[in-house]
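Asks: Construct the complete structure from the given sequences, taking the supplied hints into account.
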Amino acid sequence: GAVVSQHPSRVICKSGTSVKIECRSLDFQATTMFWYRQFPKQSLMLMATSNEGSKATYEQGVEKDKFLINHASLTLSTLTVTSAHPEDSSFYICSAASTGPMGEQFFGPGTRLTVL
Amino acid sequence: GDSVTQMEGPVTLSEEAFLTINCTYTATGYPSLFWYVQYPGEGLQLLLKATKADDKGSNKGFEATYRKETTSFHLEKGSVQVSDSAVYFCALADSWGKLQFGAGTQVVVTP
Numbered sequence: 001g002a003v004v005s006q007h008p009s010r011v012i013c014k015s016g017t018s019v020k021i022e023c024r025s026l027d028f029q030a031t032t033m034f035w036y037r038q039f040p041k042q043s044l045m046l047m048a049t050s051n052e053g054s055k056a057t058y059e060q061g062v063e064k065d066k067f068l069i070n071h072a073s074l075t076l077s078t079l080t081v082t083s084a085h086p087e088d089s090s091f092y093i094c095s096a097a098s099t100g101p102m103g104e105q106f107f108g109p110g111t112r113l114t115v116l
Numbered sequence: 001g002d003s004v005t006q007m008e009g010p011v012t013l014s015e016e017a018f019l020t021i022n023c024t025y026t027a028t029g030y031p032s033l034f035w036y037v038q039y040p041g042e043g044l045q046l047l048l049k050a051t052k053a054d055d056k057g058s059n060k061g062f063e064a065t066y067r068k069e070t071t072s073f074h075l076e077k078g079s080v081q082v083s084d085s086a087v088y089f090c091a092l093a094d095s096w097g098k099l100q101f102g103a104g105t106q107v108v109v110t111p
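The listed protein sequences correspond, in order, to chains X and C. Number 75 in my numbering belongs to position 75 of the first sequence; there are no gaps in the numbering. Number 102 in my numbering belongs to position 102 of the second sequence; there are no gaps in the numbering.
Quick caveat, the hints were computed from the structure, so don't treat them as lab data. Please note that the accuracy of each hint is not assured.
Stated by the list, open to error - Quick list of the computed label-pair ranges, beta carbon to beta carbon: (1) C:Ala-53 with X:Gln-60: 37 to 47 Å; (2) C:Lys-68 with X:Glu-52: 30 to 40 Å; (3) C:Ser-95 with X:Leu-74: 18 to 28 Å; (4) X:Lys-14 with C:Lys-56: 14 to 24 Å.
What the hints assert, rightly or not - Covered stretches of chain X (in silico footprint by chain C; criterion: 3 or more residues with CB under 8 Å from a CB of chain C, positions within the stretch not fixed): (5) 21-29; (6) 78-86.
Positions of the beta carbon are idealized from the N, C-alpha and C atoms, including for glycine.
Replies: And the structure:
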């Protein structure tokens, strides 16, 4: 149980385009989802926390207009990278918790974004 | 702010060797501590956790003890296998449930 999927697993896009990444909890309802960014050989950095039905809370330094997060249902959260640029190229990982932010987080496999 | 420091990798060792990955933390309050493992091509998986001082987390032969006096949570395994090759992340959760990760330590186990 507690499976989290992400789609797509890899995406390559041109500079200036927008990319949407989906995060789904497949066998449980996730009241809270988290989005992380991981640079090569570095740690995961929390970007934002989203609760179903409410606005996401962004970490300091993360542009909320650049990284749009929607958590419209208890099983789906989306991250849209708007007007992507090469510096946005990274590995984006989501996690989902079934019992609010204090619950155990289950991680998706990640999405590799490459912006040309 | 809260932070986690873990030893740099890669750590290369032979099968059946003893593995230790050091992890220390700084935090206000009393965080929960975790070890996550990331196998090649897969997402992070929770390996073990400890929620209060002196707790020992264990799973799959791995152990770590929450040491408040040394602010440490070192990961150990007595006899590693090739299948233990992965990246290991130490992490803490603050009172809001937010996870703060260390940089990760790659472990390579050779036959």
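Asks: Now tell me, hint by hint, if it's right for this structure.
Replies: Cross-check of the supplied hints:
no.: 1; hint: C:Ala-53 with X:Gln-60: 37 to 47 Å; in the structure: violated, 29 Å
no.: 2; hint: C:Lys-68 with X:Glu-52: 30 to 40 Å; in the structure: holds, 35 Å
no.: 3; hint: C:Ser-95 with X:Leu-74: 18 to 28 Å; in the structure: holds, 24 Å
no.: 4; hint: X:Lys-14 with C:Lys-56: 14 to 24 Å; in the structure: violated, 51 Å
no.: 5; hint: 21-29; in the structure: violated (count 0)
no.: 6; hint: 78-86; in the structure: violated (count 0)
Checked against the numbered hints given earlier, the structure breaks hints 1, 4, 5, 6 and satisfies all the rest.
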